[in-house]
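Got chain S; can you put chain R on it based on the hints?
Number of protein chains: 2
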Amino acid sequence: MNQEYPSTLLERAVKEFTKLPGIGRKTATRLVLHLLRKKEAEVAAFSDSILTLKREAKYCKVCHSISDTDICPICSNPKRDHSVICVVENIQDVMAVENTMQYRGVYHVLGGVISPMDGVSPSDLNIESLVARVAEGGVKEIIMALSSTMEGDTTNFYIYRKLSQYNVELSVIARGISVGDELEYADEVTLGSSIINRTPFMGKNI
Amino acid sequence: MNQEYPSTLLERAVKEFTKLPGIGRKTATRLVLHLLRKKEAEVAAFSDSILTLKREAKYCKVCHSISDTDICPICSNPKRDHSVICVVENIQDVMAVENTMQYRGVYHVLGGVISPMDGVSPSDLNIESLVARVAEGGVKEIIMALSSTMEGDTTNFYIYRKLSQYNVELSVIARGISVGDELEYADEVTLGSSIINRTPFMGKNI
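As given, the protein sequences belong to chains S and R, one line each in that order.
Residues in the first sequence are numbered from 21 upward in steps of one, following the working numbering.
Residues in the second sequence are numbered from 21 upward in steps of one, following the working numbering.
Simulated from the structure, these hints should not be mistaken for laboratory data.
Any given hint might turn out to be false.
Each pair may be met inside one copy or between any two copies, as identical chains are not told apart.
With a cut-off of at most 20 Å between alpha-carbon atoms, the simulated DMTMM-like pairs for lysine to aspartate or glutamate come out as follows [to be verified]:
{"hint": "1", "residue 1": "Lys81", "residue 2": "Glu109"}
{"hint": "2", "residue 1": "Lys35", "residue 2": "Glu76"}
{"hint": "3", "residue 1": "Lys81", "residue 2": "Asp101"}
{"hint": "4", "residue 1": "Lys58", "residue 2": "Asp113"}
{"hint": "5", "residue 1": "Lys58", "residue 2": "Glu24"}
{"hint": "6", "residue 1": "Lys160", "residue 2": "Glu148"}
{"hint": "7", "residue 1": "Lys182", "residue 2": "Glu148"}
{"hint": "8", "residue 1": "Lys182", "residue 2": "Glu60"}
{"hint": "9", "residue 1": "Lys39", "residue 2": "Glu62"}
{"hint": "10", "residue 1": "Lys99", "residue 2": "Glu118"}
{"hint": "11", "residue 1": "Lys35", "residue 2": "Asp68"}
{"hint": "12", "residue 1": "Lys35", "residue 2": "Asp144"}
{"hint": "13", "residue 1": "Lys160", "residue 2": "Glu62"}
{"hint": "14", "residue 1": "Lys81", "residue 2": "Asp144"}
{"hint": "15", "residue 1": "Lys58", "residue 2": "Asp68"}
{"hint": "16", "residue 1": "Lys78", "residue 2": "Glu60"}
{"hint": "17", "residue 1": "Lys39", "residue 2": "Asp68"}
{"hint": "18", "residue 1": "Lys46", "residue 2": "Asp144"}
{"hint": "19", "residue 1": "Lys59", "residue 2": "Glu76"}
Model, not experiment: these values are computed from the prediction.
One chain only, chain S, in its complex shape:
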């Protein structure tokens, strides 16, 4: 569809919105025209919020998660277990794990996974600082919570090698059937993994 826009300003705004993931031309047009109906102050607040975030966002010096301060609220919380570090790809993953309310350790945000195809090498990721945290001592366990992809597995292995000289336990989050999923639709690798890593019925309390 080679749509003609009646205004170049409109076209430009729509074009910017289509750069967002999952936003096509039709949705972008709808979003832009929605904003256009708002008061100028509201549009300015919208526009400013994202630019201010980009300009002023800080990243935690310890775990590299986004933060308003030099050290993020999780890393500076004395009630968190600083001997357990959960390694994740990005900030969304920190929020996802936090939402489970099942984890009281700290985090380390890699900023991605090793992916030669996309030109992401280990030096592009926050791996050295993870090794430094372990080398400093006091860390008992590293929980790898990366995507269950080849890139995630490669990164797991790379970090395993890097940390092998330290006295630290390395674990990987469980792969298995999602809660609510039906067995017949699960792929065989996941199902196989969930059988091998079966847990005692009624669980044990952690």
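Chain R alone, transformed into the frame defined by chain S:
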């Protein structure tokens, strides 16, 4: 889900994005973090595009559609048929009709439909200027292309009354089965309307 954001700047940007139609908290977070990974210049371009649109967008003095100029490209095009006016609710509708490539008349954007429930009265809409266009003469037909809702029908009737003193034909776009739709799933009003307004097989050329 009462999600804790690790940064107030992030939370503020996400909150602004959730004000957009159809964008929930999860999507908003994804969009904002996507932008956060971009270069500052790119985020500035995004941010600026929408604010500039809001500040500098002009509306056509004739049809009230968005335009870069005082008179929009459609209204100022001598090749369009200025004796036929298609009345639509908003700018998206102008673009939707334009995309059909079936219409070569001009438009009139009402800016909504009469809706006492939402506090939209006829004086909030561009109805007076439509009447003025007709009163000026030279208009043969008005095509009402509003939503097929009670509000749309009310607006059709209101405009019909307003224009009854002028020698102008008033038509409404056809209601019927959508192309590609199966008959059994159509509602009875639409199906009934499509039977009453049946057209000769193989059509007649317009």
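Against the structure, the hints come out as follows:
With identical chains, the CA atoms of Lys81 and Glu109 are at most 20 Å apart within one copy only, with a shortest distance of 16 Å there and 52 Å across copies. Only between protomers do Lys35 and Glu76 lie at most 20 Å apart by alpha-carbon distance; the minimum there is 17 Å, versus 25 Å within a single protomer. Within a single copy, Lys81 and Asp101 get their C-alpha atoms as close as 18 Å, which meets the 20 Å cut-off; across copies the closest is 65 Å, which misses it. Taking the shortest Cα distances, Lys58 and Asp113 sit within 20 Å of each other only across copies (19 Å), while inside one copy they are farther apart (33 Å).
When the C-alpha separation of Lys58 and Glu24 is checked against a cutoff of 20 Å, the pair qualifies neither within a copy, at 24 Å, nor between copies, at 28 Å. In this assembly of identical chains, the alpha carbons of Lys160 and Glu148 lie at most 20 Å apart only when taken from the same copy (18 Å versus 75 Å across copies). Proximity of Lys182 to Glu148 under the C-alpha cut-off of 20 Å is restricted to the intra-copy arrangement: shortest distance 9 Å within a copy versus 75 Å between copies. For a Cα distance limit of 20 Å, the shortest separation of Lys182 from Glu60 qualifies neither inside one copy, at 53 Å, nor across copies, at 33 Å.
In this assembly of identical chains, Lys39 and Glu62 lie within 20 Å of each other by CA distance solely across copies; the values are 10 Å between and 22 Å within a copy. In this homomeric assembly, Lys99 and Glu118 come within 20 Å of each other (Cα to Cα) only inside a single copy, at 14 Å, whereas the closest approach across copies is 61 Å. For the homomeric pair Lys35 and Asp68, the shortest alpha-carbon distances inside one copy (19 Å) and between copies (12 Å) are both at most 20 Å. Taking the shortest Cα distances, Lys35 and Asp144 never come within 20 Å of each other, neither inside one copy (30 Å) nor across copies (31 Å).
Neither within a single protomer nor between protomers do Lys160 and Glu62 lie at most 20 Å apart by alpha-carbon distance, with minima of 49 Å and 41 Å respectively. Proximity of Lys81 and Asp144 under a CA criterion of 20 Å is satisfied intra-copy only: 16 Å inside one chain copy versus 54 Å between copies. In this assembly of identical chains, the alpha carbons of Lys58 and Asp68 lie at most 20 Å apart whether taken from the same copy (15 Å) or from different copies (16 Å). Proximity of Lys78 to Glu60 under the C-alpha cut-off of 20 Å is restricted to the inter-copy arrangement: shortest distance 14 Å between copies versus 29 Å within a copy.
Taking the shortest alpha-carbon separations for Lys39 and Asp68, both the intra-copy value of 18 Å and the inter-copy value of 14 Å come in at or below 20 Å. Proximity of Lys46 and Asp144 under a CA criterion of 20 Å is satisfied in neither setting, with 36 Å inside one chain copy and 27 Å between copies. Within a single copy, Lys59 and Glu76 get their C-alpha atoms only as close as 25 Å, which misses the 20 Å cut-off; across copies the closest is 13 Å, which meets it.
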